[in-house]
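Protein chains in written order, with the UniProt record's numbering: chain A, 1 to 594; chain B, 1 to 149.
Accuracy of the hints is not assured; some may be wrong.
Taking lysine-lysine pairs in the DSS-like style, the calculated list, with each CA pair at most 27 Å apart, reads [to be verified]:
#1 33(B) - 412(A)
#2 112(B) - 380(A)
#3 361(A) - 112(B)
#4 22(B) - 380(A)
#5 412(A) - 22(B)
#6 122(B) - 412(A)
#7 505(A) - 492(A)
#8 432(A) - 112(B)
#9 173(A) - 131(A)
#10 465(A) - 380(A)
#11 361(A) - 67(B)
#12 66(B) - 361(A)
#13 380(A) - 67(B)
Example chain B residues on the side facing chain A (calculated, C-beta under 7 Å, incomplete) [what the hints assert, rightly or not]:
#14 16
#15 20
#16 68
#17 132
Calculated directly from the structure, the hints in this document are not laboratory data. Ideal placement from N, C-alpha and C gives every residue a C-beta, glycine not left out.
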Amino acid sequence: MKWIPNFNSSNSLRVIFVIAVFILLFLSSIAYKHNQDLNESSKLAMHTYEINIQLERLMSAIKDAETGQRGYIITRNNRFLTPYLYSRDKVNASFVTLKKLTVDNAVQQKNLENLFKLIIQRFVSFENCLKYSDPKTYDKRKLDNHMFGGRILMENIRFQVDKMNDIERKYLKKRLEIYDQEISLSPVFSISLFLTALLFILLAYRQISRDFQRLKLFNKQLLISGGLMAESEIIGKFSTWQWELDSHKITYSDNQYRLLGVTPNSFVPVIETFLDFVHPDDRAAVSESMDKIIEKKNLPFIYYKIVRPNNEIRYFKSTGKLLTDQQGSKILLGINFDITDEHLLNIELQERNRELEKSNKELASFNHVASHDLQEPLRKIQTFISRVSEADKAVMSESGRDYISKIAVSAKRMRVLIDDLLLFSRTNTTKKEFIKSNLNELLQNAESELAEVIHENKAVIKASKMPKLEVIPYQIEQLFINLIGNSLKYNKAGVPPEISIESEKVLSSDYPEFLEQSVKKFHKITFTDNGMGFDPQFKETIFILFQRLHSKTDYPGTGIGLAICKKIVENHKGHILADSTPNVGSVFTVFLPE
Amino acid sequence: MQKNALNILLADDDEDDRLFFKDAFEEIKIQTKVQFVHDGMQLMDHLLDPENKLPDILFLDLNMPKKTGKECLIEIKKSDRLKNIIIAIYSTSSSEEDIEDTFVQGANIYIKKPSDFNTLKKIINEVVTVNWHYHTSGLNRDNFLLRLK
């Protein structure tokens, strides 16, 4: 119902029913009142007619007396006196009745009193007539007088009776008029009220049928989601349970039974039944955390083992939450996950990780020993060669001198190899401290490191503005040294090397094939040279350790430099690419995350 | 040149290195008195013996048996009597870790053993003639590792 916000259907239904009931109550009270009024009116009419009848009776009694008296006076026969003698009693009886009937009407009582006085006077006049008509006391003049007076009194009585009748009739008429008024108004009113009530009831009916439809729909959805839930519990290897704390009723989902290794609903769960399944080692902990949920209202994940009836051990992870419903009763909701597969996988993974760590450590120490301890004897070989003085060489044979210089060259090459290997292994093993650094400064450091070679080759290095990034500074410096050094080394004969370094911001989504998509922006730094270039088919292999494209006599090198570059870029979660056109130049592209 | 001969002590277990060192000092013609110890234990015994004059400069190899150069360095820097000796680390290793550790522990300079005798001479000359007071006050991570110009 729109006129009351947030009115749900059960509330609106209630309102409709209350209104309808009130209308019906009102209608029935009106009907009752009408009935009462009708009753009252008929009583009133009866009352009026009764008074009328009694008055007429009174009149007829007096008339009877009059007729009887006349008959007696004329005939002197006592038989005619009988009605006269009875009429007094009749008058008195009617009078008593009238007095009772008019007890609630002061005016009529007064009239009645006057009437009574007149009647008494009339009877006195009767007595006088009888007296003066008696032959013993006959007096014609007085008899005429009294007879005539009786006549007048009689008229007065009739007048008084008519007056009283009139009053009653008027009163009745007035009451009937009021009643008519009320009764003429009420049918329209009650019919409209009735229709309103009917309308409300129809509205309610419509609402009920609508709710019923909705209920049916919800029921269907509930059925679907219940089915989905049961299915997903089976697939996802989890189960749910409810524990109504007030009634101690525990309900398990079907899958809970399955996870425990029994058929659904094969037993009625009580508090202890679950603990029976828990592995004895974990029972105390599980029981304790059950108590804690009630206290803390929710439960962080607990991990424990259960033992199935066939003695199979499964690993469980559980959590729970305490809910309080609208009626204030507390329900504990819980979810159990069977994490046996993950657990076993995890153990295996940990095992493998440990092995990997171990072999990594071994490799590192092997690397260290190989490069470090190999340096010792090599250094001595070189130092001893350097101790062979020119004087010593002068007395040697030519071939001896030749061998000495070849030993020196080989030893030097071995030194470079060892140094490079050491550098390569260090890019992996040393601490990786990320510091916000200005790449232009790092480039300057690299250039000053290479100053001598740059000067010798008359190389020109142009660099655009580069960003400040969180990097491992000495590694980025090494990266710059290696890339620039590479360009300087593989220059075109007779052409001074030109290297231009450009930097721009790019979106990772533009390079989905190799950039980490979780980082949105990368800095793309390109190193373009005018060197001899290389065959683009090697653009992947040149980054592999010890891969060389040229003979070491033409271009001395160890094949480690670019492998180090790749390692450094990988340490920064970036990417490095190489491309080239032979005899035009090479482009190395480094992507570093923002 | 100093009037009094400089007292130099080299702690190194490698016989060849001691020989190169001795030869180099002989050739650079600075008045020095060079002494040798063969391992860390011997070094500490020598330094702690009050009979022995304390060296002006101690060349300390890191990789030594019985007691490593780093252990000796820590002990020396803890001792009030010894902590002012100028210590030049003299090692084959040039690993960041070793350089960082010895810098933090208070060594004065780090020398990577050269593979050329002439370079060795230059290095020794440099170390012996440097104004240590000046060098120490301006010591930082960048100039800690000796680089010949």
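Evaluated hints:
1. Distance check on the hinted pair: residue 33(B) and residue 412(A) sit about 33 Å apart at the alpha-carbon level, beyond 27 Å; violated.
2. Taking the CA atoms of residue 112(B) and residue 380(A), the gap is about 13 Å. The hint holds against a cut of 27 Å.
3. For the suggested pair residue 361(A) and residue 112(B), the alpha carbons sit about 25 Å apart, so the restraint of at most 27 Å is met.
4. A C-alpha spacing of about 15 Å is found between residue 22(B) and residue 380(A), which places the hinted pair at or below 27 Å, so the restraint holds.
5. Between residue 412(A) and residue 22(B) the alpha-carbon distance is near 24 Å, which keeps this suggested pair within the 27 Å criterion.
6. Proximity of residue 122(B) to residue 412(A) is assessed by CA-CA distance (about 20 Å); at most 27 Å being required, the pair is judged to hold.
7. Restraint check for residue 505(A) and residue 492(A): the C-alpha separation of about 31 Å exceeds 27 Å, so the hint is violated.
8. Distance check on the hinted pair: residue 432(A) and residue 112(B) sit about 23 Å apart at the alpha-carbon level, within 27 Å; holds.
9. For the given pair, residue 173(A) sits about 46 Å from residue 131(A) by alpha-carbon distance, which is inconsistent with the 27 Å threshold.
10. For a cut-off of 27 Å, the pair hint linking residue 465(A) to residue 380(A) is broken: about 46 Å separates their Cα positions.
11. At most 27 Å may separate the alpha-carbon atoms for a hinted pair to count; residue 361(A) and residue 67(B) meet this at roughly 24 Å.
12. The straight-line distance between the Cα atoms of residue 66(B) and residue 361(A) is roughly 24 Å, inside the 27 Å bound, and the hint therefore holds.
13. Restraint check for residue 380(A) and residue 67(B): the C-alpha separation of about 23 Å stays at or below 27 Å, so the hint holds.
14. The restraint placing residue 16(B) at the interface with chain A holds, with a minimum CB-CB distance near 5 Å, inside the 7 Å limit.
15. The interface hint given for residue 20(B) is met, as the beta carbon of that residue sits about 6 Å from the closest beta carbon of chain A, less than 7 Å.
16. Here the hint on residue 68(B) is broken, as its CB sits about 14 Å from the closest CB of chain A, past 7 Å.
17. The interface hint given for residue 132(B) is broken, as the beta carbon of that residue sits about 27 Å from the closest beta carbon of chain A, more than 7 Å.
Checked against the numbered hints given earlier, the structure breaks hints 1, 7, 9, 10, 16, 17 and satisfies all the rest.
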